[in-house]
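Enquirer: Sequence:
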Amino acid sequence: MSNEQQNKIVAFPLLKERLVEKATEHMQHKQFQEALPLFEQAYELDNKHHEILLGLVICHVELGDAGIAKELCEQMLKEDIGDYYHNLQMYLMVLIQLGHYHEGYVTLQAVIQEHKLPSEHAEQLYQLLEFCKNRMNQEQVIEEQTEEEQIEQFKSFTALDNIQDQLEWVHSLKTKRIEKQRFFLEQLFSSEAIHPIVKTVALKTVMEEEVDIDFMISKFGETKKVNALQLKRTTPYLFAEQVEAQLTEKLEHENPTLLQVAVEIWQRHLFITFPFLPGDNVKLWTEAVYAVSLMMQGEESDAAVAEEDGSFSAAELRKAIKELKEIEEISFI
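Going by the numbering used here, the first residue of the sequence shown is number 4, and it counts up by one from there.
Errors might be hidden in some of the hints.
Claimed, not checked - Result set (DMTMM-like, lysine to aspartate or glutamate): computed pairs, CA atoms no more than 25 Å apart in a straight line:
1) Lys-322 with Glu-171
2) Lys-33 with Glu-43
3) Lys-286 with Glu-247
4) Lys-253 with Glu-326
5) Lys-227 with Glu-319
6) Lys-253 with Glu-319
7) Lys-286 with Glu-255
These are calculated hints, taken from the structure and not from any lab test.
Based on the sequences and whatever the hints tell you, model everything.
Expert: Here is the structure:
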């Protein structure tokens, strides 16, 4: 084929529309990982299409790439693609997710001073302005807190009866807030009074923000020193993946429903005990998870029989099953 012929090749008719339609369908079913590459292909065909850009923003936000979503929103605002005020609301929501409250406040203040807000958008935008202002004030208070004040704040935090309230607070952590709340977090990670799930969510938040700080964390009678930045670079653990792979090999064709139960049990166990691993014996923990998943389905499990090749004992298997069951009991809050 000549170069002239190659240059004349065009995309299939309605390819862009088909990509957007399929991507939107995935997005409606919360399948953002599947929707993203389709929107990206459509973007290559038309980088000025509002529906494509909006789909990319939503997918990146849902998949934790708020920084990319911010750049796309800025493109829509700068190039006047789609409804300006709808894009502005989306942009502000992304800034809030990133914790860029000051940037959001300044941006919205400038828009309000220069333009009269349309009635259909005014209430929502003023609410966002107030929200950014309040968060800016909260951060200022936090930046001025002494170590003693943060310890007192931790006492109030532990007094909360509802774990969901604690989780909501932890979810609001952002990079500069984390750096200013080191003493608070040290208390949180070391206290046995804090639910393990709250500790896991707090630690993963610190990891996501890539904060290079060491913490001592205690769970289930064990204590270890962790660096959030290094921890992010070493997870997921090969051992955990190997157990899941063996469960899949064992049950995928024999009993897919039981496989789903087993994988959920294993993933909950890893989440709650994080950053501690239960051991390094893949066969032992594969059999233990298998046994517990059978029990949860009301089926018999012979946990007294040791692995024939001698890789673990019956006593070790019973101990692992006991640990799994104990974690299951506290996994739903």
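Enquirer: Does each hint fit the structure? Answer for all of them.
Expert: Hints versus structure:
1. Lys-322 with Glu-171: violated, 34 Å
2. Lys-33 with Glu-43: Roughly 17 Å between the alpha carbons, so the hint for Lys-33 and Glu-43 holds.
3. Lys-286 with Glu-247: With a Cα-Cα distance of about 11 Å, the restraint between Lys-286 and Glu-247 holds, given a limit of 25 Å.
4. Lys-253 with Glu-326: Judged against 25 Å, a Cα distance of about 22 Å means the pair holds.
5. Lys-227 with Glu-319: holds, 23 Å
6. Lys-253 with Glu-319: holds, 20 Å
7. Lys-286 with Glu-255: holds, 17 Å
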